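**Q** The residues making up each chain are set out below.
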Amino acid sequence: MKRLIMSTTFLILTLLSLEIGAMSEVGLSSLFSGDEMARFIFLHSRLPRTLAVILAAAGLSVAGLIMQSISRNKFMSPTTAGTTDAAALGLLISFVFLGHMSGYIQAIFAFIFALAGTLLFTAVINRLKIREVVYIPLLGMMYGGVLGAVATTIAFQFEAQQVLNQFNMGTFARLGNFDLVYVVIAPLVVAVIYATRFSIIGLGEDFAKNLGLNYNRVVMVGLVIVSLISASTFVAVGPLPFVGLIIPNMATSFYGDNLKKSIFDLMMFGAVFVLACDIASRLIIFPFEMNVSVTISLVGGVIFMVYLIRGMYGGKKSRKAA
Amino acid sequence: MIEVKNISQTYDSRSERDTITDVSLTVRENTITALIGANGAGKSTLLSVMTNLIPAKKGNVTIDGVDVRKIKTSEVAKKVAFLKQTHQLSIKITVRDLVEYGRFPHCGGRLKDTDHAKVNECIDYMNLEELSEKYLDEISGGQRQRAFIAMILAQDTPYIFLDEPLNNLDIKYSVEMMKIVHKLVSELDKTVVIVLHDINFAAAYAGHIVAMKDGKIYKEGTPNEVITTEVLNPVFDHDFHITEHDGKNICLYYD
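Chains A and Y are the protein sequences, given in the same order.
Using our numbering, read the first sequence as starting at 1 and increasing by one per residue.
Using our numbering, read the second sequence as starting at 1 and increasing by one per residue.
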């Protein structure tokens with residue numbers, strides 16, 4: 001039932017996303033009409049854009065849940081562990097030192113930085129042994145801020161502030177780099193194969209080892225998946241803040257944490273959320289559009305606050321019960 | 001058969017694990033072996049080494065005569081199941097999900113018909129049929145502990161190691177849990193090694209007791225051999241009073 005409602009909403013939003021645009025006569029129907037121009041716009045703008053939204057959203061949702069399983073912390077996500085900021089730094093460095101390269105080279109830089117940045121953060125967090133889970137996203141956002149400051153300094157030195165500003169705008173209106181979003185498909189396939197392993201890891205290291213899992217390898221596979229997804233979506237569409245945090249939290253409260261059962265529901269849930277935000281961004285000042293990251297930040301930020309506050313009070317409650 | 005020979009594990013004072021020195025032990029088949037001792041005596045470390053969760057620094061552990069370090073971890077997981085004391089649940093899964101994870105060493109996450117049959121059998125055996133679709137955070141502590149035992153059963157190993165399974169359980173559920181453990185040995189021919197805090201539970205249910213002190217085995221034997229003032233007073237650094245009930249030694253430790 002839940003699934004039926006979700007898939008229907010998903011289909012409606014996908015169709016809406018395909019229909020909306022400055023040229024109102026372009027739409028799904030233009031595929032079959034004789035209008036070559038409309039057909040071209042549909043195939044080269046509308047369709048890739050909608051696909052990019054769906055893939056980026058699905059990817060980030062899965063990436064967030066994997067991070068939360070690995071760290072056993074519901075507040076971990078690419079946004080709250082410095083992954084996105086590290087990807088931005090990598091992208092900037094590739095731009096400053098190598099100039100305009102193809103999206104794939106940029107994505108490789110972003111990926112290496114994202115992976116290194118995330119590894120550093122998780123290593124530090126494990127050392128600190130913080131008991132209050134709500135501090136970890138706050139620390140992670142500070143860490144992200146530091147990485148952002150480094151990026152700004154570099155950009156300032158090389159007079160590349162404009163480029164950096166452009167990187168940090170999440171939008172699906174950028175043409176050209178969209179094909180990078182398809183890179184998300186490969187890590188998503190691996191995530192589906194590893195789904196049970198990630199869930200088992202979420203029950204703790206000893207639990208996983210008891211079942212014969214190679215704990216360190218599964219964690220590493222997870223972090224590579226997360227970094228690949230974060231980096232390729234970042235280069236293709238820019239940051240989509242909070243998606244990796246709030247979507248897994250909302251989805252698991254409906255579908256539970258058994259990733260093998262819920263991974264497709266999770267992806268669809270994320271896609272519905274980002275599609276809705278993207279459509280809203282396009283309609284509010286039609287025929288112009290807002291950056292989707294602004295809309296997502298507004299909606300996602302509020303939801304994040306709710307979870308944060310609930311986490312603070314909920315944490316106290318559960319401690320009393322124990 | 002599991003044999004431990006001259007195991008030593010040393011840790012610096014910052015480590016959360018306790019040191020053990022030169023411990024040798026043969027696990028008795030088809031029996032409940034209880035490990036008792038004060039905090040820091042090394043019971044949990046010994047359990048972790050025996051299950052190869054932490055590799056032994058000195059000495060060796062053999063399962064059926066083969067060094068455990070030479071067996072693939074996925075194969076060890078078909079022989080030995082180990083349930084640790086704390087299960088802080090940060091993820092939301094159902095009882096059935098959990099029990100299905102127990103089949104992981106056998107099917108790698110893709111359950112076949114035989115795996116599903118085994119899962120159902122274990123759920124039935126632990127009387128969890130009605131709770132099988134409930135989330136673990138919706139059921140009581142005792143029911144959750146039963147769900148974890150069902151998972152261990154689904155793992156289908158001859159050896160089961162339990163680290164303080166009675167933690168956070170009230171008396172009713174503790175007794176229920178020990179009866180279940182007893183049934184695992186008498187009905188399913190399992191071999192159980194269990195760390196217990198409450199000495200009287202060990203006295204009442206174990207077939208063999210190992211008393212540890214300062215990282216060494218102080219004394220092992222039948223309950224009536226170990227539950228004596230000569231053994232318990234030094235092991236726990238406390239004055240015990242031993243009485244007899246139904247032919248079993250029971251200890252009183254109130255001043």
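Hints listed in this document are in silico derivations from the structure and should not be mistaken for laboratory results.
Please note that a few of the clues may not be correct.
[Stated by the list, open to error] With a straight-line cut-off of 16 Å between C-alpha atoms, the simulated EDC-like cross-links for lysine to aspartate or glutamate are:
| id | chain 1 | residue 1 | chain 2 | residue 2 |
| --- | --- | --- | --- | --- |
| 1 | A | Lys261 | Y | Glu133 |
| 2 | Y | Lys172 | Y | Glu133 |
| 3 | A | Lys129 | Y | Asp198 |
| 4 | Y | Lys134 | Y | Asp124 |
| 5 | Y | Lys216 | Y | Glu75 |
| 6 | Y | Lys213 | Y | Asp246 |
Just so we're clear, the structure is a prediction, and the values are computed from it rather than from any experiment.
**Q** For each hint, tell me whether it holds in the structure or not.
**A** Here's how the hints hold up against the structure:
Of the pairs offered as hints, the one joining lysine 261 of chain A and glutamate 133 of chain Y holds, with about 13 Å between alpha carbons and a cut-off of 16 Å not exceeded. A hinted pair counts as satisfied when its Cα atoms are at most 16 Å apart, and lysine 172 of chain Y with glutamate 133 of chain Y does not qualify at roughly 24 Å. Restraint check for lysine 129 of chain A and aspartate 198 of chain Y: the C-alpha separation of about 30 Å exceeds 16 Å, so the hint is violated. Taking the CA atoms of lysine 134 of chain Y and aspartate 124 of chain Y, the gap is near 15 Å; set against the 16 Å cutoff, the hint holds.
Between lysine 216 of chain Y and glutamate 75 of chain Y the CA atoms are separated by roughly 29 Å; this puts the pair beyond 16 Å, and the hint is violated. Distance hint between lysine 213 of chain Y and aspartate 246 of chain Y is unfulfilled; the C-alpha atoms sit about 28 Å from each other, more than 16 Å.
Hints 2, 3, 5, 6, counting from the list given before, are not met by this structure.
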